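Next come the chains, spelled out residue by residue.
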Amino acid sequence: SQQGEEDPQALSIQEGENATMNCSYKTSINNLQWYRQNSGRGLVHLILIRSNEREKHSGRLRVTLDTSKKSSSLLITASRAADTASYFCATVWGFTGTASKLTFGTGTRLQVTL
Amino acid sequence: DTEVTQTPKHLVMGMTNKKSLKCEQHMGHRAMYWYKQKAKKPPELMFVYSYEKLSINESVPSRFSPECPNSSLLNLHLHALQPEDSALYLCASSIRALNTEAFFGQGTRLTVV
Chain A
1 SQQGEEDPQA
11 LSIQEGENAT
21 MNCSYKTSIN
31 NLQWYRQNSG
41 RGLVHLILIR
51 SNEREKHSGR
61 LRVTLDTSKK
71 SSSLLITASR
81 AADTASYFCA
91 TVWGFTGTAS
101 KLTFGTGTRL
111 QVTL
Chain B
1001 DTEVTQTPKH
1011 LVMGMTNKKS
1021 LKCEQHMGHR
1031 AMYWYKQKAK
1041 KPPELMFVYS
1051 YEKLSINESV
1061 PSRFSPECPN
1071 SSLLNLHLHA
1081 LQPEDSALYL
1091 CASSIRALNT
1101 EAFFGQGTRL
1111 TVV
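Going down the list, the protein sequences come from chains A and B.
Take 1 as the starting number for the first sequence in our numbering and just add one per residue.
Take 1001 as the starting number for the second sequence in our numbering and just add one per residue.
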C-alpha cells in the first residue's frame, strides 16, 4: 500500500505556537498534497507540492518535500484554536494513462488550546 | 460553484436492503472518486472515474457498485452490505485525475444494521 505514515499521531499545542507534522510515503509520486478534516466531515485541500518542488508557502502554511527521503512536512505557524482538526498528507501516484490514485496518510490530530 | 454535494447525509440500511449514494458537482471536473473512511482512520480509496469511465477499482467487494451516468454525477449502489461496511463515504472530484487538488463532499454517514 502507498498509504503514508504521519507523525506525530496527535499533537497538542497552545495558541500562537507552531505545529509541525511529518509524512513519509513509499513509492514515486507525481505530487503530494495536504488536507484538513474537521470532525469526520469533508476534507479541505490546503496545499499541493509537485515532485520537482522542494518548498511551498501558502499563508501560515509551509510545506517541504524531500523525494530522496520520500518525506514531507507541514508547518503551521502562529496556530489558532480554529486550526484544531485532523491533517492528512495525500500522494498522487500510480498513473494508469487515464487516472491516478490519490491516497492518504494516517493523519495527525492537532489540538490547539487557548 | 465549488461544491461537491452528497446525498443523503445519513443513511441507515439493513443487510438485505438496496440503496444508493449520490454525488454531484458542477465544476466541470472530469475525475471523480469514492472513498470510505472509518472512525479515526484516513480515507481509503475505492474507485476513480476519469472522463466518465471507471479507471481504478481498489479491489472493492462487488456489493459496492459505482456508476457515473454523466460528467456531473457519481453514484454508489449498495446491496447486501455487512455491519463492518458502516463508515463515512466521501465523494471527491478534480479537474483531471493528475496534478490537481481534489474537492470533497461532506460525506454520507452509513450505518448497516
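Any given hint could turn out to be false.
Stated by the list, open to error - Below, in silico cross-link-like pairs of lysine to aspartate or glutamate (EDC-like), each with a Cα-Cα straight-line distance of 16 Å or less: (1) K56(A) / E1101(B); (2) K1038(B) / E1052(B); (3) K69(A) / E5(A); (4) K1040(B) / E53(A); (5) K1038(B) / E1084(B); (6) K69(A) / D83(A); (7) K1022(B) / E5(A); (8) K1041(B) / E55(A); (9) K1041(B) / E5(A).
Hints were generated in silico from the structure; no laboratory data involved.
These figures come from a predicted structure and were not determined experimentally.
Status of each hint after checking the structure:
1. K56(A) / E1101(B): holds (15 Å)
2. K1038(B) / E1052(B): violated (27 Å)
3. K69(A) / E5(A): Cα-Cα ~13 Å, so holds.
4. K1040(B) / E53(A): violated (31 Å)
5. K1038(B) / E1084(B): holds (9 Å)
6. K69(A) / D83(A): violated (28 Å)
7. K1022(B) / E5(A): violated (31 Å)
8. K1041(B) / E55(A): violated (27 Å)
9. K1041(B) / E5(A): Distance ~12 Å between K1041(B) and E5(A) Cα, so the pair holds.
Taken one by one, the earlier hints fail for this structure at numbers 2, 4, 6, 7 and 8, listed in ascending order.
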